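S.K.: Here's the letter readout for the chains.
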Amino acid sequence: GSDDEEASNVATSECGTDSSFDEATEPVTDLSVAIVAPSASQDLAFTQSMVDAVAALGIEPQITDGTFQVEAAAEAIRGYADSGVDVVIAHGTQFGGSLAEIAPDFPETSFVWGTSSETQGLDNVFAYTPAADQGGYVMGTVAAAISESGTIGMVGPIDAGDAALYVDGFVAGAESAGANVNVSFTGSFGDVPLATEAATAHVGAGADVLTGTAQHVVGAINVASANDIPWFGTQANQESLAPELVVASQVYHWEVVLADIFDQVEAGTLGGEVYELTLENNGLVIEFNGCYELAEDVKNGALETIDGIIDGSISTGA
Amino acid sequence: MIRRALGAVVPVGAALVAFLFGAIMIVALGANPIDGLVAMLDGAFGTRERLATTAVRATPLLLVGVGICVAFRAKVINIGGEGQIVIGALASTAVALAVPGTPKVLLLPMVIVAGMVGGGFWGAIPGALKAYASVNEILSTIMLNLVAVQVMNYLLRGPMIDPLEVEGSRIPQTERLTDNAALPTLLSGTRLHLGVVIGITAAVAAYVLLWRTPLGFRLRAVGHNPNAARASGISVERSIVTAMAISGSLSGLAGVVLVFGSESLRMVTDGSAAGFTSAAGFNGIVAALFGALHPLWTIPSAFLFGGLLTGANNLQRVLQIPSPLAVALNGIVVVFVVSSGRVRTWIEQRIRQPVDDRGASAPVAGGGG
Amino acid sequence: MSDFFTLSVLVATFASGVRLATPYLLAGLGETVGQRSGVLNLGVDGVMLLSAFGAYWTSLETGSLLLGVGAGLLVGLVMGVVYGIITVIFQAEQGISGIGIYLFGLGFSDLLFEEMVGTPTPIKSLPKYSIPGLSRLPILGEALFEHNLMTYAAFLLVPLVALLLMKTTFGMNVRAVGENPEAADSLGVSVGLTRFAAIMVGNGMAGLAGAALTLGLGIFQPNLTQGLGFIAVALVYFGAWRARGVMLGALLYGIVAAVVLQLKARELIPLEASDLAAMAPAVLTIVALVVVAGRIEAPAALTNPFSRH
Amino acid sequence: MLEMRGITKRFPGVVANDDVSFDLRAGEVHTLLGENGAGKSTLMKILFGLYQPDAGEILLQGRPVTITSPTDAIEHRIGMVHQHFMLVPTLTVAENVALGLPSMRRPFTDLDTVSQRMVEISDQYGLTVDPSIEVWKLSVGERQRVEIIKALYREAELLVLDEPTAVLTPQEVDDLFVILRQMTEAGRGLVFISHKLREVLDLSDRITVLRNGVVTGTTVPAEASLERLAEMMVGREVSLAPDKPPVATGRPRLVLEHVTVIGDRDTVAVDGVDLEVRAGEIVGIAGVSGNGQRELAETIAGLRPAEPGSSVQIDRADVTTADAATTRAAGLAYVPEERMKDGAIGEFDVGENLLLVNHRDPSFLRGGLFDFERIRLHCQRLVDAFSVKTPTLQTPTSSLSGGNIQKLILARELDSDPTVLLAAQPTRGVDIGAAEYIHGQLIERRSEGVAVLLISEDLDEILALADRIAVMYEGRIVQLVDRADATREGLGLAMAGAADRSPG
Ligand SMILES: Nc1ncnc2c1ncn2[C@@H]1O[C@H](COP(=O)(O)OP(=O)(O)OP(=O)(O)O)[C@@H](O)[C@H]1O
Ligand SMILES: Nc1ncnc2c1ncn2[C@@H]1O[C@H](COP(=O)(O)OP(=O)(O)OP(=O)(O)O)[C@@H](O)[C@H]1O
Ligand SMILES: [Mg+2]
Ligand SMILES: [Mg+2]
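So the protein sequences, as listed, match chains D, U, L and A. Sequential numbering from 1 applies to the first sequence in the numbering used here. Sequential numbering from 319 applies to the second sequence in the numbering used here. Sequential numbering from 688 applies to the third sequence in the numbering used here. Sequential numbering from 997 applies to the fourth sequence in the numbering used here.
In isolation and in its complexed conformation, chain D is listed as follows (with noise of 0.2 Å):
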């Protein structure tokens, strides 16, 4: 990658390494941070991101993942809220409902809590919310290009949530490059068999690039290695998968949004803010994997997609 792709919306990995994240080594804050989350932390997809975006401001978190109820995750947070804990982030919008209940009774303790467009007016709540639907739509036009049947395979999980965004936009995108995507929901986050049988079916139709979202994508990416067709991922960095098929990975990059939130905590602050992941913010980032050769232009094109959006000329249809 070029110099000054360093902390902007574009990351290009070099080929061979296996993860664009640098973990910071000196901590940003002395802050002592907790993470509750639905899935387990090492799921490629959502919880990983939180996670790996913590581990990247050099900060060590307890964790409770895999609270995909609710009741179980609010003991979590009410938890660690009464033992101390100065930050606790609450990752799953599924929680806002306890967290109403839960952070009034800890006025010193901040909470953030996503994704949220809003902070039930709580004040020590911050919220975040990703433009999922705004990388969407970048690697929808990328797709549309590389593509030569003019067909697209997607995978998702429930026609909802940043997965719904993702795939809006998604399709926002390739539609407006002239390409043509079909979208199957398997009606499941975790069903591996399923998603690659829809992978298989999209393959089937005429589907020469494929992406897709949740966990159970993992059964997906290994058709498109199968089948040798590339990939697009979102979430999280999903080159590991397969290194030589995945183009590019929309990655949600928290710790932009979390050094902010630790910077007013300290300072006393503890919430009342919401937090938008944007390309133009650089909480999302298009990481394209240096191991996949793409047309420079492809590229280009890329970038100028994500300047319209930021600049508001391209509306991602979300």
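Just so you know, these hints were derived from the structure itself, not from any lab. Quick caveat: nothing in here was measured; it's all calculated off a predicted structure. Hints are supplied without guarantee of correctness; some may be wrong.
Under the rule of at most 20 Å between Cα atoms (straight-line distance), these lysine to aspartate or glutamate pairs were calculated in the DMTMM-like manner [to be verified]: (1) K1337/A with E555/U; (2) K393/U with E1343/A; (3) K1240/A with D1456/A; (4) K393/U with D1345/A; (5) K1192/A with E1219/A; (6) K393/U with E780/L; (7) K1337/A with E984/L; (8) K1192/A with E1223/A; (9) K1133/A with D1262/A; (10) K854/L with E1130/A; (11) K393/U with E984/L; (12) K811/L with E244/D; (13) K1240/A with D1478/A; (14) K1385/A with D1411/A; (15) K854/L with D1108/A; (16) K854/L with D1106/A; (17) K299/D with E244/D; (18) K815/L with D228/D; (19) K811/L with D228/D; (20) K811/L with E833/L; (21) K1337/A with E869/L; (22) K1133/A with E984/L; (23) K854/L with D1126/A.
Derived list of chain U stretches under chain A, where covered just means 3 residues or more per stretch with a C-beta under 8 Å from a C-beta of chain A [claimed, not checked]: (24) 534 to 541; (25) 546 to 556.
Even for Gly, the Cβ is constructed at its ideal location relative to N, Cα and C.
Please arrange chains U, L and A with the ligands on chain D, whose structure you already have, making use of the hints.
M.R.: Showing chains U, L and A with the ligands alone in chain D's frame:
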């Protein structure tokens, strides 16, 4: 007397052996097992708040478990708790969404009834399939669990979605429900809410139903011997459907408690049933069997498993032990405790022998025939 | 719809259904043997998870798929010993101990994965093996004879399990102890040993199912099965405790799922109806059984522990 | 060839065998006689390795042996035909015979060889059964033959037959006895268990009587009489023939018109039966098991649908299509043929079983809940009135003796003041004392104007009780005669389908 004591000592002993396994795993994970045990006990029963939380976590298990007791007495194995919870929750949520302004005294009973009707309906389907079409209930309930999840996904994504989410991030959840339907807190400063009382009441009611009413009498008769029940004028088909409907309605009630006793006061799906139910539909079966399929014994049993859940949560938080350990430990406890029944019999036989030698009396000339 | 009813699509759909059916079939066949002996194992899913992890990890470490399959089988057999001790020696209630096994498998496989692997790492998946000659057959060739070896093994096991149950002494003993253990016992057939062996066969095949699943996909992640083992148990009831019936059930289940996926991939199912379509396999399985269910009797001693007194 | 010395066996709360000694010589039939629960089966299960004795020893050919499993017993050439058949219904006859035997074609079964040898044995003793048929398709008599073949196939020298005649017709019993005689002539020793005195006297070489687990004596037929044996069994004098006062019959209370029923195997089980039972009479239905009696009874009781065109009336009410509850409401009381399958719930306690039919009765309820005090009084009254021997009302029914369970069912059924009583095999497998009592009850109800339909395979019972006798054969009533005109021979012929009955 000795029998009574054994009945309590042996399963508890088995549970202790199971925890020994847990301790070994904790050591393997590089933590101190004593700390682990302390963290579990402390998390489950350490403070007033935690006791309250344990009771709250136990309530869905209790309700499902009581339903299992009722169904099992009629010899129907209800593995459909997960689906029945989901449908009960959806029905009650729909009511709360439809008439949000209704005063609490009216709305609370309304959502409870809706949840029970929803769950009862979802339970009656496999009941009717079994009674009238000979479809095995293990098959149909497992399949209906899958169907219920997709019904939930569909409704929370479409018709019942929070209007704010339609244009926003499209989280599949309902809007926050009216506080008029929230289960009131019983002990301020804790999570203890009316759901716990509902759970215990349901257990007592099920006990009364099974052993004090003609309907319960019929269910038990059908469970023990459908042929004799039929010959004496009891409709076996109707009883099976009734048993499953009752069982389902109790699971539906668990769904109500999960929604209206939650802090978030809304339904949200992660695409799976367990995301909403915490697998209460399965763990409730365990609680019921641990309680010897007796509604009243299911109360302490569910409380114990609720404690295991809250304790494990604390264990993970305090020692940073991965959460799957708790699930695995849960399984080991179940396996050890169910296996202990046989051990109890062996011990009983050991101590009975000398007793009998002091002059066995034959009170009645029994017979085969 | 015309888009769907082309020969090549139908063939692809069928092939996809066959692949999806494979783990159900393996686990279901094993469970059939177990249930025929009178032992219900609701823990199949847990066994599959453990053996899937074992197979995955072994392949990851050694690079050998064959060793992976062996590891899956081995884990299944170990769990067979455990379940045999629980149900035959300790005579525990089968429904509940199965759920215990399930919970243990679910948690422990997840724990092992987190501790020993951490992040889903792809492995080589089982290669497709075209059967010389047969795979050239028009239509049938692609649908039936271009699969991985575990799929062939699963379908080959259908007649073998039927043969085992109906024609061998062991199978006769299995049927006898599942139907009337007292009678078998009175003729010197060891009920305990026979059931133990049937449990070993059942769990071993659940182990193979786990291996087939993870190695077929080339990946593992926590709760990989998503309750697949429970459906396999249900399919045993669907199949009326017969190998062929279980195969039909597994195929029905797999093919309906495949059809739905194919229709989605061709946008023939509107996105709004996506969830509703996802229930199709479950609904159809129930409907099919309502239609065909006569008076199918379960093995009479199913779930009943045996002792002489 | 066999000696059992000082055998003691305890079960929780019961001493089933108390210092029992028993021996058997080659070539003889040694009968074990005793009431229900006397300990006959237990003694033989000990011999067969199914139970371990608490004390005592077993000697074969003079040498002490330990038999810890049926395999041991079979190795010692002991065979047993169990009281409750030990057959696997879903397996074929040949498979049932082959179970537990080594196969020549391991790992596969060798059913051809088995079938062949089976046929040889069958031919030798006239025990014809098709080896390839599944056992569930066989009649009771055929199943018994399979049991005997199983033992012979294993070259049993010592054969135990536990109540083999309880389920057979007179003709079948005769056939069986011929076979048994052939076996003793070949030098085999037989232990025969029964409480049918006539048969015992007929067949036995020696008779040992058990009462409450203790041997009360051993005798030979020449020195015994029916009365003497009965007294040894029961411990008091018993009357073997009931008194039956004449009663004037009233109007028809149970009317069957052209009743046709399809059976479990989709064949016509009951074929156009017409029958009336009047107030104050007992009509007996005689017949070999499997000729439609069970289906007929179930249809009358509302448990099995009749074909269109049939009509069943109870006290003029049409109950052809009614369910069991409605039929009972119309006045029917029903004592089913298999008491533990259809009559009572083993896991229920005595009180609960007494409540089974009328648990809805509002007088047992208070505020919608059971009023246990009233229920207790009611049940206690029934237990006393019908002298059901039970320690308490809370005793599990399964732990009562067969006779007491039968009395319990009768108490429950008669308590509803029926106008029609349908009793199927009411004394099957019941000891003499209880049978005597049950017969008395039937006669008493008849005197009170109840219409009694008695279905029984025990010709003695029919002859002793019935006012009119119908014989069922292949679903039809082939003979209907007044008691006065009935002869044992005539009925026997009719039961056999007159001329066209095939042997075996
Ligand atoms: N399983 C059954 N078999 C036969 N009849 C039944 C059965 N269940 C209910 N009934 C009858 O159907 C009617 C309505 O049933 P339900 O149980 O609601 O009535 P109920 O008034 O509660 O009766 P009960 O007081 O006997 O419980 C009653 O007459 C009842 O006796
Ligand atoms: N497995 C057992 N457990 C407990 N008690 C038993 C068992 N088997 C028999 N008994 C009891 O032992 C006693 C003798 O029973 P057994 O079956 O030997 O009587 P029997 O003479 O064969 O009677 P029947 O004529 O009814 O067959 C009875 O009181 C019976 O209840
Ligand atoms: Mg009622
Ligand atoms: Mg006996």
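S.K.: Now look at each hint and say whether the structure bears it out.
M.R.: Checked hints:
{"no.": "1", "hint": "K1337/A with E555/U", "verdict": "18 Å, holds"}
{"no.": "2", "hint": "K393/U with E1343/A", "verdict": "13 Å, holds"}
{"no.": "3", "hint": "K1240/A with D1456/A", "verdict": "14 Å, holds"}
{"no.": "4", "hint": "K393/U with D1345/A", "verdict": "18 Å, holds"}
{"no.": "5", "hint": "K1192/A with E1219/A", "verdict": "17 Å, holds"}
{"no.": "6", "hint": "K393/U with E780/L", "verdict": "14 Å, holds"}
{"no.": "7", "hint": "K1337/A with E984/L", "verdict": "17 Å, holds"}
{"no.": "8", "hint": "K1192/A with E1223/A", "verdict": "12 Å, holds"}
{"no.": "9", "hint": "K1133/A with D1262/A", "verdict": "12 Å, holds"}
{"no.": "10", "hint": "K854/L with E1130/A", "verdict": "15 Å, holds"}
{"no.": "11", "hint": "K393/U with E984/L", "verdict": "16 Å, holds"}
{"no.": "12", "hint": "K811/L with E244/D", "verdict": "15 Å, holds"}
{"no.": "13", "hint": "K1240/A with D1478/A", "verdict": "15 Å, holds"}
{"no.": "14", "hint": "K1385/A with D1411/A", "verdict": "18 Å, holds"}
{"no.": "15", "hint": "K854/L with D1108/A", "verdict": "12 Å, holds"}
{"no.": "16", "hint": "K854/L with D1106/A", "verdict": "9 Å, holds"}
{"no.": "17", "hint": "K299/D with E244/D", "verdict": "17 Å, holds"}
{"no.": "18", "hint": "K815/L with D228/D", "verdict": "16 Å, holds"}
{"no.": "19", "hint": "K811/L with D228/D", "verdict": "14 Å, holds"}
{"no.": "20", "hint": "K811/L with E833/L", "verdict": "18 Å, holds"}
{"no.": "21", "hint": "K1337/A with E869/L", "verdict": "18 Å, holds"}
{"no.": "22", "hint": "K1133/A with E984/L", "verdict": "15 Å, holds"}
{"no.": "23", "hint": "K854/L with D1126/A", "verdict": "19 Å, holds"}
{"no.": "24", "hint": "534 to 541", "verdict": "holds (count 4)"}
{"no.": "25", "hint": "546 to 556", "verdict": "holds (count 8)"}
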